[in-house]
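Take these sequences, add in the hints, and give me the full structure.
Respectively, the protein sequence lines represent chains A and B. Here my numbering is used: the first sequence runs in plain steps of one and ends on residue 959. Here my numbering is used: the second sequence runs in plain steps of one and ends on residue 1048.
Please keep in mind that the hints were generated in silico from the structure rather than gathered at the bench. In this text the structure is predicted, and so the values were computed from the model without any measurement. Where a beta carbon is used, it is the ideal one built from N, C-alpha and C, also for glycine. Treat the hints with care, as some may be off.
[As the list claims (entries may be wrong)] Label-pair restraints from in silico Cβ distances:
#1 A:Asp-913 with B:Ala-913: 51 to 61 Å
#2 A:Lys-957 with B:Asn-896: 52 to 62 Å
#3 A:Arg-953 with B:Asn-944: 50 to 60 Å
#4 B:Ala-895 with A:Val-911: 51 to 61 Å
#5 A:Glu-940 with B:Glu-894: 45 to 55 Å
#6 A:Ala-756 with B:Val-902: 34 to 44 Å
#7 A:Pro-930 with B:Ala-895: 57 to 67 Å
#8 B:Gly-783 with A:Lys-855: 35 to 45 Å
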Amino acid sequence: MNIITFVKRVPSTTANVVITENQLNPEGVEFVLNPYDEYAVEEALAIKEAAGEGSVTAISLGAGEAQKELRTVLAMGADAAVLLASPLAPAADGATTARALAAAVKGREFDLLLFGKQAVDRDQHGVGPAVATLLGVPCITEVVKLSVADGKVIAEREVEGARETIEASLPCAITCQKGLNTPRFASLRGIMAAKKKPMEVIDVDLGTAAVEVVAMNMPPARPAGRILGEGAAAVPELVAALRNESKVL
Amino acid sequence: MSNILVVLESRDGSLRSASLEAVGAARLIAEVSGASVLALATETCELDAGVLGAAGADLVLMAKTSGHSAEGAAATVARVAKEHQASVVLLAATVRGRDLTGRIAALLETGFAADCTALDAAAMTFTRPILGGKAFTTVKINGPVAVASLRANFFAAAGREANAEVQEVVAEAGLSRVTAINAQSGGRPDVSEATRVISGGRGMGDAANWNLLEAVADAIPGCALGASRAVVDSGWRPHSEQVGQTGKTVAPELYIAAGISGAIQHLAGMNCSKVIVAINKDADAPIFKHATYGIVGDALEVLPALAAELQKLNL
Ligand SMILES: Cc1cc2nc3c(=O)[nH]c(=O)nc-3n(C[C@H](O)[C@H](O)[C@H](O)COP(=O)(O)OP(=O)(O)OC[C@H]3O[C@@H](n4cnc5c(N)ncnc54)[C@H](O)[C@@H]3O)c2cc1C
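Printed below as a string of structure tokens:
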């Protein structure tokens, strides 16, 4: 079972966001492995372990610093890492990212491509399915339950108010949602072993971006609210305000 | 003459209402550019030409296939987009819609913008939240077609007086396929689509206290239940109800947060709500800084009073 997993270095979800010149100001921001990619890495490792053979390769499109997150993935247990290096990568749009990743996969053997369902910086949700489309393989998104056996994939995902079961054949791409598994932490031994694992760095030219950023702003400030009072006694005033002032009831 | 193509989503043979919002958004663009609005159902379903016409569609196309395959649906959309020289393809940013957006863009060799909350029809730009809603970006798509998905509750059906014609088209084959769909949320709308939401946090104390939230939800038509991650991680509620950066993003008209502190990751998922009500026993809880109305108090006492007051209104 040869598995390729795709990971991204992203700002931590606790980061305080400051926008300067249409970009996230990285000053004081902690960067981490995209939380959804942790599910993808865990799933890749668990599937390889269950199969008892195969390899897990992690690919990241990133600036040079993304080697840190790739080392984390190697420490978790991946066999090899590839950094597609471009200074423009952190701000790349979903379509541009997908083109670069698909080009890097071509020529590599794989049974499964595992993605996080979204990167928590651009929140595009589209890179996994776009890469799969460019490679001509099926893709199942936002998966919370996965079984791979006999060349077949059976997956479940939550859609609005329902759960879908989806089937496909290998080779196949999956995007991983919270609930799929519990990602492991890198062990001390894993961290030591990761230092000796191969990390290929390939410079890539992202070409013209598929999506151009015209502006980037902080969310509009919410109008100041008010405390209506304490305890159950304040309830009639609340209902009156919802009905007569905000007119939402 | 270019066209605006809208992808219609259906489940169990009926159209999902989020798709009508996308048709309305397409109408906004059509009014500026003079284009026509085509609405394409990627599977056979019950379509009301009158409703779609009123929402903003000029022509309705329905692919003849039953069951959902994402690859098939994307290929059908891409083919129809080319046949009709579509300059814009719009989808509802549902789970299926988000799934298709990147694929359609890949097939049409263009860029995409997911989960948009606003569009400028004249400049043809889309505005969308990034970083879990902590910032917004306005983008322009460099490519032959602009593909975008639209977040629920930010656009509306046009509400015009018009009819649309329905035509059948051939469906493309897919690779994966949906083999089962099991309804989940016990008759309540999904939290990501509802116009009213009541969410509970760790301050609710116990899963057994959710009957208090349900009583309020029952008194408000169309009200969905939500939860903080602390609640989901404790196993009190399913992940499908989680609101926030690693859950669902919601923008209802009314969001009631009971026993929720207002952590940055929770706020990211709900701070676009029109009216926010916070019920928290700690007057310094961060949620109050974002709330339209706040009540300082024990949610276990305030919620039964709220349910009783709402029941009187018979909404
Ligand atoms: C990577 C990452 C992603 C995350 N994603 C999400 C996410 O998607 N969604 C999310 O919600 N969180 C998310 N979090 C977690 C977030 O940081 C908070 O821990 C979480 O939102 C807290 O939930 P809470 O408000 O229910 O609990 P707490 O923070 O424990 O707050 C409980 C509140 O209830 C109040 N309270 C207690 N008793 C009562 C009572 N009887 N009546 C009224 N009020 C009472 C308290 O004053 C307090 O304000 C994420 C964290 C990380 C690191």
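We went through each hint and held it up to the structure:
1. A:Asp-913 with B:Ala-913: 51 to 61 Å: 46 Å, violated
2. A:Lys-957 with B:Asn-896: 52 to 62 Å: Check failed, 32 Å falls outside 52 to 62 Å.
3. A:Arg-953 with B:Asn-944: 50 to 60 Å: Distance hint for Arg-953 of chain A, Asn-944 of chain B is violated at roughly 25 Å.
4. B:Ala-895 with A:Val-911: 51 to 61 Å: 57 Å, holds
5. A:Glu-940 with B:Glu-894: 45 to 55 Å: The hinted range 45 to 55 Å holds for Glu-940 of chain A and Glu-894 of chain B, with Cβ atoms some 51 Å apart.
6. A:Ala-756 with B:Val-902: 34 to 44 Å: With a Cβ separation near 42 Å, Ala-756 of chain A and Val-902 of chain B satisfy 34 to 44 Å, so the hint holds.
7. A:Pro-930 with B:Ala-895: 57 to 67 Å: With a Cβ separation near 33 Å, Pro-930 of chain A and Ala-895 of chain B fall outside 57 to 67 Å, so the hint is violated.
8. B:Gly-783 with A:Lys-855: 35 to 45 Å: This hint holds: roughly 40 Å between Cβ atoms.
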